[in-house]
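Residue numbers (UniProt numbering), protein chains in the order written: chain H, 1 to 260; chain B, 1 to 260; chain S, 1 to 74; chain F, 1 to 74; chain G, 1 to 366; chain U, 1 to 366; chain V, 1 to 183; chain L, 1 to 183.
Note that these hints are calculated values from the structure, not bench results. Here the structure is a predicted model, which means the values were calculated and not measured. One or more hints might be untrue.
What the hints assert, rightly or not - Here are the simulated lysine to any residue pairs, SDA-like style, with alpha carbons at most 25 Å apart:
#1 K186(G) to D98(H)
#2 K16(H) to H47(F)
#3 K228(U) to S336(G)
#4 K6(U) to E2(L)
#5 K210(U) to L53(B)
#6 K16(B) to C53(S)
#7 K210(G) to S336(U)
#8 K228(U) to D242(U)
#9 K210(G) to L338(U)
#10 K16(H) to C53(F)
#11 K6(U) to V178(L)
#12 K228(G) to A356(U)
#13 K16(B) to M32(S)
#14 K16(B) to F70(S)
#15 K16(B) to V45(S)
#16 K16(B) to P26(S)
#17 K210(G) to R56(H)
#18 K210(U) to D191(U)
#19 K6(U) to S144(L)
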Amino acid sequence: MDIVSTDRPPETASRKVAEFRPPLQLGEHSLCPGCGEPVVLRVLLETLQELGLVDRTIGVVGHGCYGSFVRIMDVDVLQCLHGRAPACATGIKRMRPDTAVFTLQGDGDMVNEGLQEVIHAAARAENVTCILLNNGVFGDTGGQQTTTTVLGQRTKTSLDGREADQHGYPIPIADIVAQLDGVGYVARGAVGTAGGVARTKRMIRNAFESQLAGEGFGLVEVLTMCPTGWFVTAPQGPDYLAESMEQTYPLGELRPRRSS
Amino acid sequence: MDIVSTDRPPETASRKVAEFRPPLQLGEHSLCPGCGEPVVLRVLLETLQELGLVDRTIGVVGHGCYGSFVRIMDVDVLQCLHGRAPACATGIKRMRPDTAVFTLQGDGDMVNEGLQEVIHAAARAENVTCILLNNGVFGDTGGQQTTTTVLGQRTKTSLDGREADQHGYPIPIADIVAQLDGVGYVARGAVGTAGGVARTKRMIRNAFESQLAGEGFGLVEVLTMCPTGWFVTAPQGPDYLAESMEQTYPLGELRPRRSS
Amino acid sequence: MGASRGTLVIDTERCKGCELCITACPPNVLAMSEQVNTTGYRYPVLHEGCTGCTACALVCPDAVFEVYRFENER
Amino acid sequence: MGASRGTLVIDTERCKGCELCITACPPNVLAMSEQVNTTGYRYPVLHEGCTGCTACALVCPDAVFEVYRFENER
Amino acid sequence: MSAPTKPLELLEGSAAIAEAAIAAGCRFFAGYPISPFTSLLENMTRLLPAAGGVCINAESEIEGVNMALGAAATGARAATGSCGQGIALMQEAIAEMALNETPVVVFNMARNQQDYFQCTRGGGWGDYRTITLAPKDIPEAVEHTQLLFQLADTYRAPVILYGDPLLAQTRVGVRIDPPSEPEPVKDWALDGTMGGTGRSRQIWTWAMGKATDPGPGPDGHWRAIAEKFERIAAAEQRWEADHTEDCDTLVVAFGSAAKFTDHVVAELRAEGHRIGSFRPITLWPFPGAALAEASRGCRRVLVFELNAGQMVDDVRQHVHDRGAVRAIGGVSIHESGLSYGPLLDAPVIRQRVLDAMRPDESEGVR
Amino acid sequence: MSAPTKPLELLEGSAAIAEAAIAAGCRFFAGYPISPFTSLLENMTRLLPAAGGVCINAESEIEGVNMALGAAATGARAATGSCGQGIALMQEAIAEMALNETPVVVFNMARNQQDYFQCTRGGGWGDYRTITLAPKDIPEAVEHTQLLFQLADTYRAPVILYGDPLLAQTRVGVRIDPPSEPEPVKDWALDGTMGGTGRSRQIWTWAMGKATDPGPGPDGHWRAIAEKFERIAAAEQRWEADHTEDCDTLVVAFGSAAKFTDHVVAELRAEGHRIGSFRPITLWPFPGAALAEASRGCRRVLVFELNAGQMVDDVRQHVHDRGAVRAIGGVSIHESGLSYGPLLDAPVIRQRVLDAMRPDESEGVR
Amino acid sequence: MEFEVLLMGIGGQGIQLIGKTLALAATREGRHAMLAAEYGGEMRGGPSQSTVVIGDAPLRALPILPSAASAIVANHKFSGAVPERLRPGGLLLLNSSIVDPETAGDQHRVVPVAATALAVELGAPQAAGFVLLGAFNNVTGLVSQEALVAAMTELLPPYRREHAGSNATALAAGAEAVSEVVV
Amino acid sequence: MEFEVLLMGIGGQGIQLIGKTLALAATREGRHAMLAAEYGGEMRGGPSQSTVVIGDAPLRALPILPSAASAIVANHKFSGAVPERLRPGGLLLLNSSIVDPETAGDQHRVVPVAATALAVELGAPQAAGFVLLGAFNNVTGLVSQEALVAAMTELLPPYRREHAGSNATALAAGAEAVSEVVV
Ligand SMILES: Cc1ncc(C[n+]2csc(CCOP(=O)(O)OP(=O)(O)O)c2C)c(N)n1
Ligand SMILES: Cc1ncc(C[n+]2csc(CCOP(=O)(O)OP(=O)(O)O)c2C)c(N)n1
Ligand code: SF4
Ligand code: SF4
Ligand code: SF4
Ligand code: SF4
Ligand code: SF4
Ligand code: SF4
Ligand SMILES: [Mg+2]
Ligand SMILES: [Mg+2]
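Construct the entire structure; sequences and hints are all you get.
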């Protein structure tokens, strides 16, 4: 099998169909090898670009590994307190109703510390888009159990695996939010496979379009790999995601847009 | 029609079928005329007595008009911070697994300030019983909108009636909790009618029995009249409850005991 | 109103006049007094026909009622 | 491996060696290098048969790929 | 200050503050009911929408303060409030706003004076201080409300009004004038327009900036913040001193309580005592130099505060002669738990002052 | 203190503290990850179940502290912890525990020394103080941990350990002995047994008691609490003073930083400087009288703290000559935001001390 | 000059409303007024008190009055504080339908008004407070009777507007009842 | 006497593990040890440093050393601080497979060890750090070689126990490599 040279664009007639990184990304991220979060950042930024929202978007970013994205996202952004992004987004959207407002939060941020914020914002029908990066652990602090950790998973605070008796059950936040009045769009994607990435991107696009149409609260939960916090190798990430997380958190549109 | 003398027990052979107040109630409450909360207190105390839990019960009481019940409940009790009762109850139950632990909270306490606490405790499958007195307002502070205020209701912070656009939608907490893993029993009663009171009492009894059987988290939501906060007269309370609140919050067992 | 199968003791001083008992009484044998108690509230008075069903006691927030059921209907 | 309908530019210095692209490639034309980049990671090399499907670029967390689709299949 | 033509309006303190805030340009308010703050929230609910603003009955204090933070981040004049417990819950966000420089006015309609430390020493995290104004009465609360919006914007910092039940619930005739100073331009505010320019905006306590335009990071940023607070400390001290030229006994008090001590001091002055009064108007920055000056030559500095001794810490740091300081206040709570107890009463205070002035009293440090 | 027979264990500070806590009888722990507190939580997760206790990875700091409150209310020795932001979120509950008298140990594994006010002035609500111990190294942290459980129970109050990344993450050889004092009997604890007796128990900040047995209510109760804190303030001051008999320059520092200043002071002493050191071990109660004594006759009192100036407030209140006080510390943050910056280094401190001692320096108050 | 009024009763007697009416009337007349509510907390039932101060210049009065020139006492239940605070010789207007004037001592200038009885007589039992206020205002001449009526009307919430007429009658009846009292 | 060692490398070279090994070995021998990790925060990749201090009495050393008697440098990338902190004449043990000994200057007693090359030779590329540690310990004689092996074994998590043998070999190889160095 011949190795193809890949150090410069081909000289034969061709069309570029994928770019290194979206124009809105200002630099490299510093996340672990095989982390799923940068993939979501990419599709999010691509979506903002594609929807023409570049100069009227305000992002609110929580605390987790993705927190460092505030340095490389070329949109106006508030780095807020752990868990509070939906409340901050509320203040922002109410004062700037013409902007597209989104939050970027992890499972620790949204489903642990800020569970109340997201549910209340959803019930309040705030017209904002929340994006949840669910890797089932606190990645940033080294892999402790969050409320979304699946049963049986070992973390630094569930040493023999999460046990329902001792540690309780995972909370399927998207399913809960999907059932509230006041909600415009809820979906759950995953970035373990190329198809999953593409579908996730469509979900994020739907959520923003729903916001632009004023349909109410939007949530896109994205299952992301955290090999570091899962104590698996990077290549094992997607399989682990499919075999453990997707079983607890089935993918799909949990609340499609009313118009669609 | 003759008026019957009612200032002393009858002299004819008779059986007392209802007592003034349960032996566990140490004195009078100071709540408004027509308030539904004291009725729940009564059936709660009767239930503890009937289940023989008198000397192994610990109550945790939140902040609301019912807060003053800590002065008249003859059980060991912690008056806790607004909204935090389920967390306190967790610490208590984990250290005293042989006691029956309950919380007494209002809608402002549980569904506003402490939404996170109750959902997390439920998902954690804490083996405690939470009792929600849902009157759809902050009664204690004079009748402002809570998350459970029904659409259209006038409060001091929704002057023209709660409007979805401006104030969001009510949160049906019992329905949410009922769907979580880790939950043993969830029901919703109301105390506007005698039948409702009787059914509510059975629900509370079921919840405690579920706790004693170690089945996980229990929640009994009780719709209670708050004529003061609803700005209606006391006699109008039950009708208002039936016509507005029960429409949004249907009564019944939302998660019956597994064993039953 | 038929004969009484039960009766009440009404601790009128505790009553706060909310009238919940009035509507709760199935045979409709409770009515509010003209007088007020020392706190200024009107309170229920019982007419013939009580069945001893305890509905009034169940709904009363202020523990005003004791209910008795006669061994033999009067 | 059939003929290539597309090809890549691989910015090997950015690669962190996670191998997500390897399994993502439908025709299985990516393999990890023996060499390491200056950060010490192995990186993907492309063999003949790329379809230009962009799967590798979609899954790569580190924006290592540019994908080109040939106007005429080579 | 007020136009003589405009008639007085009889307003509850909370209503006066709400009107003053709206006149000052407040366009976002979020709060959660708690006595005696509730009436401010209710007045805002009533008045703000008509002024084109938004008032949210937030689901909790934490959500309320973070909504206000978000609103302020867009450049809107925003406020929130509560009392004791609720302000405690806001401490993380108040520190955050100090460190990420979002200007929000926090109305602490306290139940009493037991939250002096809470206002002046924070309790959030990191090095920050909060400008705290403690009006003695409703007209001053109106003035302070407007001043606070200006100070918040000038310094890009959260600021606090320390009120109490008397300020919240008393009704007096007041006039609300629009503020004299214009709202500053906020080029730092997030309006969404800078995306894609490479110079998009960022609000972040760590101030690390964007990859293309690095910020100072936490070390540089927090040192800059600390310097800013030193500047504020130097520039924004406010106080009121009366009869301090020749006084022998100085009574120090703040807020509503100072209104009472002033009354007592005036009485005793009239009776010939060499007594004066000192009132910190800004609890932080504490007017230390002015207190040192006012207390020069005093044999007794009597600190009257309705708590177990909190401001006395600041008095001791600055008073001319530390040995002269005596605490004559104390905890005093209404049986409802929600307001002052019987110690806040002119005759009682008068007695305490007289007792402290008795010549046979040993002049020890408490 | 330690039995000479037991070998040293090489333990990370967090592990040593966890073992000390468990040896002291801690049976409930709830915490939420945050650097550098996380490792204490992880060690508790590992060790507590085996000791028959419960460790919960709480869903948030607020839930964690309230779980600990509940556990403590039953009489169990309970603890929680966090750092800056998380402790800020706990302030309402810390005040609550002070006012409803539930003994909980709070481990503030801080990122730096910027949370002195947070620990010593609260920020919760009402009049309360928290005993705060600031160990200078891991062996002392072990000792303090055990002492804190005892103090918490003795005074029925929440207490704080003020740690930092150096204490959390350094490994040293330590020995953990069981504490000498027995756990006090807790007849106030809720065990559920008193229902139906007419004397059922109640824990409540307002202490209104039961209808059949009224309590003092908020006024009486909070005054009693204030008196209790005065007793603690008198009885529990702890400090360390070195070379203070004849010194001309006194360096005041706390916690890990004091370990560094001690080192510098020892060096300078050895070089012939008349320099001494003073370390408050209890940040509250601040050892004011001891500092007054130690600073008598000093021309300079140099306060080294890694913040913008917080402890200096307490120093100024108590030092013999307020005019001698100079702050020589400052904000200094690691680029990660999570630990100390370059100022915490012996050579740097030495230079600051020497600069401050230069005779040509004007000796002003900062 | 500042003139202080203590108002005391129990919840439901309209004490707060008559206090507001008096303060608003004075404000509308261009005077300075203060209305301080004694804080009852969140306890229901029980005492209702307020104080009104009226003056021609910006007020110096404290929101908790050390002493007062006059008092209106609608119920004896919680009026223990009155004798303490009312200055000797001060005006003490009593609802003599409920409070026995004999119990008032001789320190003060007592003016009894059978307010409850009068109100019932007028067919407006809810308006006893306004009877007292009308009487008080006539004795003191603090504000004009028209200003009182206007303020009362302004303060009624829409759903109570129908009481405006009977309240005004009560104000007038109160004034009438004390028209021969020498101030 | 307290003896200080600075350890410097980049993440993944096992710097933390060899520091722990040394400190644990000393502890097991009944000595006092301290291991301070330079705090890298939550940034991934980048420098890895630690310091070990060993003594016979309770230690007085600071957790951030003002100066040290010796250093082990596994990578040049972030070793800028070494010359500053290492006392003149101190021992500087270099991984000469990566760091050019020429760049070390003449202030210190430089001992080069081709640790990476040696480790690869031994078929245990992960064990370069232990080669350095073995060499360092042989030069300094801080602890017994057996104690090092025991500590290393104790520290390996169960799923890495299979490395124990090759790590021990690496320790020995390092010691061997410098056996002729005069201390
Ligand atoms: C109030 C507060 N508590 C704790 C932290 C510490 N903290 C920072 S990031 C983080 C974990 C976040 O987990 P998640 O949101 O799931 O993000 P991930 O790192 O997994 O992507 C935590 C607990 C904090 N910053 N603030
Ligand atoms: C942190 C905090 N915020 C606010 C309050 C004030 N507060 C006391 S009771 C109450 C209302 C409670 O409403 P709910 O729980 O519905 O009880 P209800 O009075 O309606 O029975 C509030 C907001 C408080 N005590 N603590
Ligand atoms: S710890 Fe997990 S979430 Fe964080 S960067 Fe690494 S892989 Fe991603
Ligand atoms: S305000 Fe409502 S809830 Fe409170 S006591 Fe009155 S009726 Fe009951
Ligand atoms: S017991 Fe039944 S029938 Fe008798 S009065 Fe009560 S409700 Fe009516
Ligand atoms: S329900 Fe009870 S309180 Fe209400 S009117 Fe009837 S007896 Fe009185
Ligand atoms: S573009 Fe498609 S076929 Fe080509 S290398 Fe990437 S994944 Fe494989
Ligand atoms: S997915 Fe990207 S980072 Fe991972 S191995 Fe492939 S090219 Fe490298
Ligand atoms: Mg996560
Ligand atoms: Mg309610």
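Tell me the hint numbers this structure goes against, listed in increasing order. 8 and 11
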